[in-house]
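J.: Dock chains B, C, D, E and F against the given chain A, drawing on the hints supplied.
6 protein chains.
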Amino acid sequence: MRSDLLAPNAFLNPLIVEDAVRRALTEDLGRAGDITSAATIPEGKNATAKLAARKPGVLAGLACAAEAFAQLDPSIEFRAKKRDGDTLKAGDVAAEIAGNARAILSAERTALNFATHLSGVATLTAAFVAKVKRTTAKIVCTRKTIPGLRALEKYAVRCGGGMNHRFGLDDAILITDNHIAVAGGVGAALKAARASAGHLVKVEIEVENLDELAEVLNAGGADVALLDNMDTATLKRAVEIASGKLALEASGGVNLDTVAAIAETGVDMISVGALTHSAPALDLGLDVDI
Amino acid sequence: MRSDLLAPNAFLNPLIVEDAVRRALTEDLGRAGDITSAATIPEGKNATAKLAARKPGVLAGLACAAEAFAQLDPSIEFRAKKRDGDTLKAGDVAAEIAGNARAILSAERTALNFATHLSGVATLTAAFVAKVKRTTAKIVCTRKTIPGLRALEKYAVRCGGGMNHRFGLDDAILITDNHIAVAGGVGAALKAARASAGHLVKVEIEVENLDELAEVLNAGGADVALLDNMDTATLKRAVEIASGKLALEASGGVNLDTVAAIAETGVDMISVGALTHSAPALDLGLDVDI
Amino acid sequence: MRSDLLAPNAFLNPLIVEDAVRRALTEDLGRAGDITSAATIPEGKNATAKLAARKPGVLAGLACAAEAFAQLDPSIEFRAKKRDGDTLKAGDVAAEIAGNARAILSAERTALNFATHLSGVATLTAAFVAKVKRTTAKIVCTRKTIPGLRALEKYAVRCGGGMNHRFGLDDAILITDNHIAVAGGVGAALKAARASAGHLVKVEIEVENLDELAEVLNAGGADVALLDNMDTATLKRAVEIASGKLALEASGGVNLDTVAAIAETGVDMISVGALTHSAPALDLGLDVDI
Amino acid sequence: MRSDLLAPNAFLNPLIVEDAVRRALTEDLGRAGDITSAATIPEGKNATAKLAARKPGVLAGLACAAEAFAQLDPSIEFRAKKRDGDTLKAGDVAAEIAGNARAILSAERTALNFATHLSGVATLTAAFVAKVKRTTAKIVCTRKTIPGLRALEKYAVRCGGGMNHRFGLDDAILITDNHIAVAGGVGAALKAARASAGHLVKVEIEVENLDELAEVLNAGGADVALLDNMDTATLKRAVEIASGKLALEASGGVNLDTVAAIAETGVDMISVGALTHSAPALDLGLDVDI
Amino acid sequence: MRSDLLAPNAFLNPLIVEDAVRRALTEDLGRAGDITSAATIPEGKNATAKLAARKPGVLAGLACAAEAFAQLDPSIEFRAKKRDGDTLKAGDVAAEIAGNARAILSAERTALNFATHLSGVATLTAAFVAKVKRTTAKIVCTRKTIPGLRALEKYAVRCGGGMNHRFGLDDAILITDNHIAVAGGVGAALKAARASAGHLVKVEIEVENLDELAEVLNAGGADVALLDNMDTATLKRAVEIASGKLALEASGGVNLDTVAAIAETGVDMISVGALTHSAPALDLGLDVDI
Amino acid sequence: MRSDLLAPNAFLNPLIVEDAVRRALTEDLGRAGDITSAATIPEGKNATAKLAARKPGVLAGLACAAEAFAQLDPSIEFRAKKRDGDTLKAGDVAAEIAGNARAILSAERTALNFATHLSGVATLTAAFVAKVKRTTAKIVCTRKTIPGLRALEKYAVRCGGGMNHRFGLDDAILITDNHIAVAGGVGAALKAARASAGHLVKVEIEVENLDELAEVLNAGGADVALLDNMDTATLKRAVEIASGKLALEASGGVNLDTVAAIAETGVDMISVGALTHSAPALDLGLDVDI
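Protein chains in written order, with the numbering used here: chain A, 1 to 290; chain B, 1 to 290; chain C, 1 to 290; chain D, 1 to 290; chain E, 1 to 290; chain F, 1 to 290.
Here chain A stands alone, though its shape is the one from the complex (with noise of 0.2 Å):
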């Protein structure tokens, strides 16, 4: 996997890039592999190709459609022209790639499957981040990704300028209204957590107003707080009440028209599951020349 592909900052574990291409390449190629290629390319044709965006964006990416050409033909050359996390006007080339007609052809669907989606992630990303950039809020993604791309999908989130909420049910305590309910109350379930959690684990807790606010600042012990489908007016309170003493989560009800008036309630994060789980793609292809 070519590390120099993937975002200067990435928060990435690279060995999950060229699993998920396999089982991706492995999914298309299936039994009998690229059958139309074969019957109609001669074995030892070469190719040259373009990754170019139809439409602008955010590139995310690279390293995995890099990855599924050189998975099925290690010599094929792959010269990055832009990098994860730049804008991409209409028309720019992302990269070009030179080698085996065959396994150029073979390959594109799946390369591209990869940047269109992630690229697309880091669009939509990129468009909320915009939206607040004149606050201190910074957009984070959720849990809700579409199944199999947990990681990389985290990854294009950064790569729009985004931040990474927790990576899975392991990494971090979030306690909702469930676990609230059955531990006996905010401060209950703070207690217990505080007692369970790793020293390196931080805590949030979910509130649905703010005198559950109240009472986790009462309590003690969380880090953050995530305040639940709220209205600006009561975002605003919670950070008045909160005052620096947690940081503050805004969640529910955003998309991109609402959440430039959240970010100015002065809310540290505004968590949009949106980024991951319905991002559309970002139109990209690949110009081929025989």
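Just so you know, these hints were derived from the structure itself, not from any lab.
Wrong hints could be hidden among the right ones.
[What the hints assert, rightly or not] If you want the footprint, here are the derived chain C segments under chain D, 3+ residues with CB under 8 Å:
id, segment
1, 144-158
2, 193-201
3, 248-255
[Stated by the list, open to error] Derived DSS-like pairs: lysine-lysine, alpha-carbon spacing no greater than 30 Å straight-line:
id, chain 1, residue 1, chain 2, residue 2
4, B, 133, B, 191
5, C, 45, F, 82
6, A, 245, E, 245
7, C, 236, B, 245
8, C, 191, B, 245
9, B, 236, A, 55
10, F, 82, F, 55
11, C, 133, C, 82
12, B, 82, C, 191
13, C, 133, B, 191
14, C, 245, B, 236
[To be verified] Simulated coverage check for chain E against chain D, where a stretch passes if three residues somewhere in it have a Cβ under 8 Å from a Cβ of chain D:
id, segment
15, 22-31
16, 69-82
Computed from a predicted structure; not experimentally measured.
Yeah, the Cβ is synthetic: ideal placement off N, Cα and C, and Gly gets one too.
T.: Chains B, C, D, E and F in isolation, oriented as in the chain A frame:
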């Protein structure tokens, strides 16, 4: 895997469900598992839950959701109230779940990530299908799928009333402009394809204009012609020219605004990449009662 | 994987080679590896070897053999002298290998097990193909393959001059007597199949006698009829009845003594399960020179 | 996996059955599964079936067949009427199967591919064993197995009355001419092997002629001598020379015509590569009653 | 996997148990399985067994032991008499097992290898925890774990009363001297870390002396300081300097003789690599009654 | 995998190294990878490092360490200064590493976890071997290994000068008291074992006292007797009784204080479970120079 939860005429290898769900649970549970529930929910506690639609749409992915709960605790009851392919109104309950509270909460996000994504694909497909219902045109998917979910997404397209194009590079021949150029023209490419293809492999060929379509008809050997980015007038002419000698697929520039007019040209299939690469998630939630 | 070692028009997902070879090496090397070579061959010792035919036949599996050596030591040179699909005389050298002696001896049996089995399939196929060369009939394989080697055996059939039937249950429809019985007759079964099948899926249907064939022709919707266990007189009548309206496959009772007469009936395909389920290995050996 | 379906004294890691069957089902069901049954068989339909011998032989692989049905639908009943190792007459029923019709038809080919191949190995083994039954010679298999099926084929050899040679390169030492040449002669090779081998590892050495056999006896340290391609007169002399001081294995030129005479020379083992690399499938079929 | 056999507040992804046990059984059973039991124990024979402590200690790994038996024969009964985290006296019975004798004997070693190793980790942890019980210091593990057993060993540490440090490189930031040097000092490193880290990621930083600790406090942004190899006098000073503004972890030179004094300095955590990299197995045995 | 980094006469399937290292990296890097290095080290920065001994011992695991660096960045140079099996003094450099700084830091812990654990096994083995060097007794390992590391630990035992017992349940027969009881006595058990075992499988049998040893000798068919928990006087008598007719293995109550006396009794092998289940890690570290 509960095959009874698949749509009645599902085209899906059921073993894929088990594998996809295990991978998704693994990426969510990581090393330490659901540390919030471990810290706050007593281990023997039971709960019930309802998988419910927050927005209207078409259901897909119930077997995946059930499998997520089953893999964490086989004793969890999962009673389907709807089937894949059913239309849901906001508020409709798709399934009722009962059993160990920790396991239900730990599997919740994985179950929802499958169901919301696949139902999103089915719902978008159904929207396209609805637009063409007065015609004989079929809405078909493409190979532009989310990496790792090819078979499940193609299954979801069927749940939404669509039909499937190739599942991969290996189950049908699709000759595009690059293949034609290298093979030495439409006739040569079709001849090479027919010679190579087994007797149960269909051959489709992309044409850019009506002259090429005529060339294809003249050469013989093609089962389907892919009409790439033609306007509706041209599509109509193509239907007249082909006059049933081969099937016609329209592709390019298809959206919910244009699809009806395209269908009315008389083409047999309309392929829509967006069904799988850009379907927004359907909003489903789990209402847990502990 | 060295794609250049595959037959020029191979229908094979090349990623399958790597995986199959790794599994085979793993089952041969077990936990302790090649303990005989470790005990008796100095670690830096080099050797050369020739992969040679002991008996005449048709070569298949060279890429697998090369991969076995490469996985144990990427610096081993593997120079092909023949290609898959070539006819070998006894004594012909298919490849020369040079490099670390321990690695060559450790990979020897795995390399040979692939090459002798796949060449056995290719050789048996070629024998059938030779018998029908004066006709237009194609020799085709079946799904009666050795578990785990489906794609590789189907590739070997092509190396021997045969063609492929379905690769699996999912890439074409083949309606047999059980399906007909349940569906409510030939017409109903074909209608159901056509309604379900995508536009790139062919439909074949098994017929037991000429009445059923007539019924199939009458119903329409079938691309191929499978003529099950008919004598040559009946096959001839079937060819007349079908008169080119659908392709005809003869099956059952096919062996090297009967195949020519079957081909001369005018059927399009003759399927032979024995190609893959009962092909004796071709005797190839490795002559090592240390 | 149903261990009760293995031969009573099976030497087989039962976990291998599950893995091998899953891989075989996966390669047959592909992405879309059994599309013919999905299109033509109602989902709730039940069926019964009989796994029956079309030709006489020795049964092996019943656990694999049962596992194929169970993996697709755990509620399918699989009632064994015979056990692995049993002799079957044409028409004998080995097992009765009852349950969901789609699942039975979908698993049919995979179940049969295991049972016909492994029974083929067992049947060929039994034929060799029958030829030597008046002697004390054992028929043993080799490492010339179909890639991926090593353990299952060696199990089938036992079902046919044969015995196993090494399972891999790691469980016994077998010194061949190459090892001898590099090590500096028979004595040096045996000494090196004995020094390296653990106390539970046996040492076999290949000899080309009687002088080498004498050398082996003189050197000590070998448990078994492999008599390579010797005529029966020479084999008899070898038996006299060895006079029980080490076990003798005859190898090379063994077939059903020659094996009896070889056995009568008094050698202890006769190894036959064809048992596993060239056994024709035993004709078994599934009679389905829907 | 039987989640009910895990410690009540286990931080462990239960899916890891199944995978780890399958791999361990596979490496023990190899190709031919338990050939001794196959040769000497009748297949239908039943047995009972007791998993008993030969030496006193703390139990961990009961779910793994149960899983080993279950994977070989799901009908084996496994009745827990103790739970993970319980203290065992020599002779205490942790579980009673009943079922097929061959399966019990075949799984015995794998079950014991998990239970003895994990109980060894728990027992050593408990010894450290006992030494500090009069202080508020927590005993925590490190990433110095046996390859492949990270999650299970960290679970065992909790069974012994310890707490967990990072589970991997990805769930918390730990800045060491190398990172500080390259980043351009403590302040720059902390700033870079805080800017990159998500809002649920804690930051720990290693300090070599009190000046560096002051620098960390001054810079802000750290949640924990790792005091590397300081004597107890220095640790005490560190506690005073930090005065609760960040948590303090002592590391280096920790053993059962030194840990109490270190704990008494007032540090919050004491990390001990030996808990996982050097814990001797706890002597547990299986008393089989056939 | 760099086979040149294995001990010269290693008994190890080299493919196991790649798989074990990948799993270990995966569990350390998780989803987001090494977030500390990503945040603080510039992506192009290079570094050099020395793998050095902090305490004296015997080296094992160099190939695993090299593989960890190579999997993260194949361009990292790894120059071995020592070989597995070499004795290290404190301060000795085993290898020098140079390349991308992030990759070196990300692989550091995984590389060390293999090297410290395997060197720990080798070092403990060497200590036992040193105690018996004036005798002919061999120190052998057991199947009491850390789950998942069987082959690597057995390799490390050889690096320390020990020899290997069985690698699994499948490569030799070891009859214990339970087998004897069920089989109907020593003679019956041995007879059953000999009848079942292939000609390359050795048979060992456990005896509790000298009467049983006599019984074994009388029955014949055993290659080795395992003398369980006998005092040295009894062991001496056993050696006299056996008088070279079978090999003798002493087991039970073996530690560094008792092993010399046991060896002096004349037994052939002394098996020590602690070599693999309780070896403390050897303290090795990585001195990084950025």
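J.: Each hint should be assessed against the structure and marked as holding or not.
T.: Here is how each hint holds up against the structure:
no., hint, in the structure
1, 144-158, "holds (count 8)"
2, 193-201, "holds (count 5)"
3, 248-255, "violated (count 0)"
4, B/133 with B/191, "36 Å, violated"
5, C/45 with F/82, "21 Å, holds"
6, A/245 with E/245, "14 Å, holds"
7, C/236 with B/245, "28 Å, holds"
8, C/191 with B/245, "20 Å, holds"
9, B/236 with A/55, "29 Å, holds"
10, F/82 with F/55, "15 Å, holds"
11, C/133 with C/82, "24 Å, holds"
12, B/82 with C/191, "28 Å, holds"
13, C/133 with B/191, "20 Å, holds"
14, C/245 with B/236, "28 Å, holds"
15, 22-31, "holds (count 6)"
16, 69-82, "holds (count 3)"
The earlier numbered hints that this structure contradicts are 3 and 4.
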